[in-house]
Amino acid sequence: MENAIEVSGLTKSFDGHTAVNHLSLKVKKDTIFGLLGHNGAGKSTTIDCILGTQKPDTGEVTILGCDPAANRKQLFEKVGVQFQENAFQKGLKMKEICEITHSLYKHPMNWREQLQAFGLSHREKVKVTELSGGERQKLCILLAMMGQPEVIFLDELTTGLDPLARREVWRTLEKLKETGVTIFLTSHFMDEVENLCDELLVLKNGQTLVSGTVQEVLACTGTKNMDEAFIHLIEGDVQ
Amino acid sequence: MNTFWLLYKAEIKLSFREMSSVIFGLILPAVLMALMGMFAYSNEELNLSFAAIATIGLCATGLMSLPLSLSSYREQKVLKRYKVTPISPMILLFAHVSYCFSLSISSMLMVFAVAKFGYGMNFIGSPLKFIAGYLLVMAAIHSIGLIIASLSPSEKTTGAISSALYFPMFLLSGATIPFEIMPSFLQSIVKIFPLTHGIELLKGIALNQLANLTFSLTVLILTAIVCLIISIKFFKWE
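First to last, the sequence lines map onto chains A and B.
Each residue of the first sequence is one higher than the one before, starting from 1 at the first, in full-length UniProt numbering.
Each residue of the second sequence is one higher than the one before, starting from 1 at the first, in full-length UniProt numbering.
In case anyone wonders, no lab produced these hints; they're calculated from the structure.
With a straight-line cut-off of 27 Å between C-alpha atoms, the simulated BS3-like cross-links for lysine-lysine are: (1) Lys55(A) <-> Lys83(B); (2) Lys236(B) <-> Lys78(A); (3) Lys95(A) <-> Lys73(A).
Model the full structure from these sequences, guided by the hints.
Structure representation (structure tokens):
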């Protein structure tokens with residue numbers, strides 16, 4: 001199977017502190033890949049380096065066979081991104097940010113349909129800052145989907161969502177995967193990873209602790225579920 | 001192009017939702033012109049007041065709105081978000097600058113309307129020259145705003161720098177208190193403000209007294225060019 005994302009030997013330091021250390025990973029097309037780690041493990045820096053919003057010190061990155069720093073315009077027609085922060089101009093209404101984002105792409109989706117599917121249609125004229133956490137998160141996913149991308153990056157997508165909203169987001173991601181979208185997500189919810197991800201990688205202080213399928217990680221750590229595996233990995237490494 | 005238009009419209013809507021640019025850039029100069037019109041005893045004085053008050057709008061957008069918005073867009077990672085889309089975040093920057101220019105020019109036209117229809121001002125100089133001069137002053141002041149946006153590390157610092165530049169220029173450059181009534185030592189101090197030269201230029205054009213404007217003209221052109229170069233060199237998207 002072809003790879004949608006390939007990273008090899010990625011290293012990034014800030015002021016002498018190594019945020020990501022020799023990270024390598026491959027994400028197969030049409031799969032969901034999870035990047036795990038505690039807060040500050042280097043997940044967001046990894047995403048930044050993969051997307052080219054930060055320049056890695058060393059290492060190679062390709063997304064859909066392109067160098068993200070060199071082929072920005074063509075690539076981001078096919079790659080959707082949701083960052084941890086909700087980065088919108090203050091005071092913008094949901095409808096306005098949807099229209100603006102819609103105008104960025106050559107083949108955008110019908111956002112009103114998706115808004116309806118998310119149960120957000122009645123909130124169109126509400127300011128983004130006045131939405132609830134769950135509503136805002138769903139909006140961010142919708143915006144990442146806007147260009148009908150082949151690859152989607154989602155940084156901490158369900159943080160701050162109630163269990164019901166999280167299930168809803170999972171269903172959306174599974175549907176996306178069925179239509180042939182590759183998903184790269186970061187998370188610190190282990191049940192999420194267990195349910196969604198085909199493959200995962202656990203990061204600690206910028207180092208790869210383990211990677212593989214959920215079964216492989218469980219077998220390798222001798223644990224029954226990802227919660228245990230994660231704790232085993234993080235604490236085992238300390239001892 | 002469609003994106004630019006949507007962003008431009010959004011910037012206008014946002015400014016009316018937030019109101020501070022509208023108050024400082026549109027309402028305040030119109031009210032001030034209405035007040036100063038009452039004290040003007042001749043058509044010359046009306047022309048001078050108009051030329052000075054017409055610059056308040058461009059200061060509000062150039063020294064306040066432009067640096068504050070750009071700093072906020074950087075701090076809130078709005079610019080970064082556009083970096084992972086097919087368009088350049090530059091389009092958002094252009095949209096905001098275009099909004100600033102639109103508001104400045106509307107403000108000047110409103111002040112003109114108050115002077116003309118409220119007090120029967122008869123414009124003495126050449127309207128075309130006045131517009132050209134106005135655009136130059138607008139470009140120079142917005143370049144200063146861009147430098148603040150480029151060099152300031154955070155939104156809060158930008159707020160402080162902007163206020164520290166805006167209020168002295170607003171009060172002392174002759175936009176509110178006429179330059180002519182200031183004591184001579186103050187006159188020589190406030191000459192360091194580019195806006196003082198901007199107002200001098202516009203007053204000269206308004207009265208059709210074009211001699212002795214070369215120095216002000218040079219200051220403004222240099223300010224515009226130098227500030228623009230510095231801000232482009234130091235601008236950070238994140």
